[in-house]
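Respectively, the protein sequence lines represent chains A and B.
FYI, in the working numbering the residues of the first sequence are 10 to 329.
FYI, in the working numbering the residues of the second sequence are 16 to 97.
Computed Cβ-Cβ distance ranges for the label pairs, DEER-style: (1) B:A23 x A:I104: 54 to 62 Å; (2) A:W49 x B:S88: 28 to 36 Å; (3) A:T34 x B:P36: 28 to 36 Å.
Because the hints were derived from the structure by calculation, they are not lab data.
Beta carbons are placed, not taken as given, at the ideal position from N, Cα and C, and that holds for glycine.
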Amino acid sequence: MRAVAPLRQSRIAGLGEHRPAGRLTNDDLAARGLDTTDEWIRTRTGIVSRHVAASDETVVSMGIDAAAKALAASGLTGADVDLVILATCTMRNAIPGGAARVATGIGARGAGAFDVNAACGGFCYALSVASDAVRTGNAQRVVVVGSEKLTDWLDWSDRGTCILFGDGAAAAVVTTADEPGIGPVAWGSDGEAYASVGVPEGDWAVRMDGPAVFRWATTQLAPVARRACELAGVDLADIRAFVPHQANARIIDALVRALRLPEHVAVARDIATTGNTSAASVPLALSALAGSGAVEPGGLTLLLAFGAGLTYAGQVVRIP
Amino acid sequence: MSQQEILAELAQIVNEIAGVPAGDVTLDKSFVDDLDVDSLSMVEIATAAEDKFGVRIPDEDLKDLKTVGDAVSFIEKAGVAA
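Generate the whole structure from the sequences, applying the supplied hints.
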């Protein structure tokens, strides 16, 4: 066999997002008869509203829209794409995965396509695989999509979970680069705690032990973020932006404190109007941050995704 | 560490995390009903107390710590055992 060619560099060339038009506020939830209040939800989660997909909006259709926008932002078309990775955990059916239909939908005929299910951690896993595919030469241009329709998996009478989640999709195009634009991944898992969040066997909706997940997220993940910086050879002080998974504003606050991030670091707080969109959360928050102008293009950005499994992954990227 | 010392340190932690005046943190007070500490702040208080006192406060025990007095005695016993 021929030896693998020297590694190339990779980067995120462009981002795209799909936020469903449907919007549900905390007051809407209370008006539906849920025993909660806007104040209760805001103080415990930081969430004010979340997007809800319409019946004809699916994981695949939202993913196609986000991917098409990311390609346009990168100056590319579907014909340029040779691999599509879809991070999701909310497909209605386990078989087949959705990536092939996303590839077809964006005109990436014949591209490699597969799904990644690492729940809320999914996007950073998929981005790492995409980056390595480009770096090794297995692919030239990869579309990485995080797309979730969580509302298909919510029990609207379970106030511990249904207030937290929302729908949406976002995508990143990964291409070759002259300089490193996607750092090595720091990833891991803890299957012992699998029952703390997820759809239990025999159940149909997401259930969560909130305090247990909160404790895990606020005590175990800062070292993962530090490790991602070490692997990238980047000092935390050089980070321009921090994009953690948008699960709960109080987890984000705790991570910022634990990492002692300086004031000048832009911290993604997309959660307020988006809720927790699982694998779509990090790319949606990254897209919002890039669009806000809070970080100059090329700024070092620390991504940190984590969730059911339990799984976690993080890496340093340059924001496009 | 005496009960009074544990209480003083714990009151400091509750003040830092939940913004409750340290003087209000007395043995008879309920975290939720009297001090308005929510479940997530309780988790943060527990993890801060673990670091401060060198004890383990598992989730299942944390659920039973209703009053400041409950927490102080738990830390006292766990500290002795450790």
